[in-house]
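Start from chain A and add chain B according to the hints.
Number of protein chains: 2
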Amino acid sequence: MLVIKIGGGETINLAGIACDLASVETPKVIVHGANALRDELARRMGVEKRVLTSVSGYDSVFSDAELIDVMLMAYAGVRNKRLVELFQRNGVNAVGLTGLDGALVRAVRNKGIRVREGSKTLIKRDLSGKPVAINRKLLGLLLDNGYTPVVTMPLIDERNVAVNSENDDMVALMSAVLGAEVVVHLIEAPGFLDDENDPDSVVARIPRAELKRREDAARGRMKRKLLAISRIVTSGSTKVVIADGRTESPVADVLAGKGTLIG
Amino acid sequence: MLVIKIGGGETINLAGIACDLASVETPKVIVHGANALRDELARRMGVEKRVLTSVSGYDSVFSDAELIDVMLMAYAGVRNKRLVELFQRNGVNAVGLTGLDGALVRAVRNKGIRVREGSKTLIKRDLSGKPVAINRKLLGLLLDNGYTPVVTMPLIDERNVAVNSENDDMVALMSAVLGAEVVVHLIEAPGFLDDENDPDSVVARIPRAELKRREDAARGRMKRKLLAISRIVTSGSTKVVIADGRTESPVADVLAGKGTLIG
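If you read the sequences in order, they're chains A and B. Using this note's numbering, the letters of the first sequence map in sequence onto residues -18 to 244. Using this note's numbering, the letters of the second sequence map in sequence onto residues -18 to 244.
In isolation and in its complexed conformation, chain A is listed as follows (with noise of 0.2 Å):
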């Protein structure tokens, strides 16, 4: 089983990444996103997107009713099914589904997240939660019938209501509940760079020993996907490979070893 994530960002290369996935036989999971086109969309219809940091330094989107409707019409609408299609014109017989659909994968609803406010700490609680169990028998049901589930925001938490959630956070408990061997997440990156700024200073590999090490001195979204990656690699034998997105052959890349390999 392959778990493959996909990048939101703008120019990650769908139309290759569906090429490339016409020949992995492999059953697989493809988890993506559509930030870039979300914060389009939310631009283009005068939406505000309010990023929060949390006192330990992690960055959240802030998710009301109104971006939960812009993260539908992104993820859900226009990514989802312009990559079904990719897929189906590439002979891969997708299914779009999000964590909504026959309650795909359950959320917690998140109590709230401690912001700094000037001196004061306050609780922000909105709609998002984290991902707590996946129905299994559904994508099964999906996998031995040939098909392959394309997975996105948003979840459906303990009451029914639709939420955000980390992708990354989606893809670690996906893997572990259908015992993944491979993870691969691509980025706008070659890997998982040693300096941020110096796209030639991919690290080869990472092990599981030096992953805190690495985590700790990350910033932003990727300290959030070592967060989520550490949950992988931790918990079984599953690889993670983190790799370009944007290449002519993005999956092909990664097979000639392309990227970073964690664990």
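Worth flagging that the hints you see were computed from the coordinates, not collected in a lab. Note that this is a predicted model, so its numbers are computed, not measured. Be aware that a few hints might be false.
[What the hints assert, rightly or not] Partial selection, computed: residues in chain B whose CB lies under 10 Å from chain A:
| no. | residue |
| --- | --- |
| 1 | -10 |
| 2 | 7 |
| 3 | 50 |
| 4 | 51 |
| 5 | 56 |
| 6 | 62 |
| 7 | 65 |
| 8 | 70 |
| 9 | 72 |
| 10 | 74 |
| 11 | 78 |
| 12 | 83 |
| 13 | 119 |
| 14 | 135 |
From the three backbone atoms N, C-alpha and C, an ideal C-beta is built for every residue, glycine too.
Just chain B, lined up with the frame of chain A:
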């Protein structure tokens, strides 16, 4: 088997429909529109909507790639997933799909619409098509495992391209393929009106023999709807009901005999 088409008008009571359907135990497939939402999003995003009237008098939206994107936002994104969320909240295990997913609804691309411009007749070709095949196996897989498919535009054409189509044509094909006993159209009117401007003129029953006359007399979307419905009732034993989607309990009202029974 029950097929329920939920119209895409602004005043349709989606929450009431979802609540009602929780107590309908017959296996069901939901098809929905989102035309009011699509128009609103198109306006907010500055995307122009063009409506063409064919020489034979039927109106169609001219679908270019940008309009398909807006459809993906409105139909596949917001409306489909908010409906799935509503159904989940009412205990109906809904899975939202477009015609693209698992190639659920295959279409044949339209050759073009014959329109009159001044004294000339022109052919305008867009991204639209007619549904010709349903992936019955995928619907069966979901229905047999307790899921309620919630299906919407776009469809997938013979070259695996996303195309717009008439939801009512998809409903007609789907009800034939599934052997539906009843097809319910929930619209923004109390049923089929003898006088389209008089909401008190609901026709309680249109016998099969009278349908052609009604279709000839109707205009705009109702003309198209009756054409699609006539295909259902002339090909089998399916009953069709056109009823009000705006009441407190739209489906309960249908079960109580309200609306227009056709066939």
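Is the shortest C-beta separation between residue 83(B) and chain A less than 10 Å? With Cβ-Cβ at 5 Å, under 10 Å, it holds.
Tell me if residue 135(B) is really an interface residue toward chain A, meaning its C-beta lies closer than 10 Å to one of theirs. holds, 8 Å
Closer than 10 Å between Cβ atoms is the bar; does residue 72(B) clear it against chain A? Give me holds or violated. At about 9 Å, which falls below the 10 Å cut-off, the nearest Cβ of chain A leaves the hint on residue 72(B) intact, so it holds.
Holds or violated: is there a CB of chain A closer than 10 Å to the CB of residue 74(B)? This interface hint holds because 6 Å falls under the 10 Å limit.
Evaluation of the interface hint that places residue 65(B) against chain A, nearest CB under 10 Å: holds, 5 Å
Does the nearest C-beta of chain A fall within a distance shorter than 10 Å of the C-beta of residue 70(B)? holds, 4 Å
Status of the hint placing residue 56(B) at chain A (closest C-beta pair under 10 Å): holds, 8 Å
Proposed interface contact between residue 62(B) and chain A, which counts if any beta carbon pair is under 10 Å: holds, 5 Å
Status of the residue 50(B) interface restraint (C-beta, 10 Å, chain A): holds, 5 Å
Against chain A, with CB atoms and a cut of 10 Å, does the hint on residue 7(B) hold up? With Cβ-Cβ at 19 Å, over 10 Å, it is violated.
Go through the hint on residue 119(B) and say holds or violated, using the shortest Cβ distance to chain A against 10 Å. Constraint on residue 119(B) satisfied, holds at 8 Å.
Does residue -10(B) hold up as a contact with chain A if the rule is Cβ-Cβ below 10 Å? Constraint on residue -10(B) not satisfied, violated at 18 Å.
Consistency note: the structure conflicts with the earlier hints numbered 1, 2.
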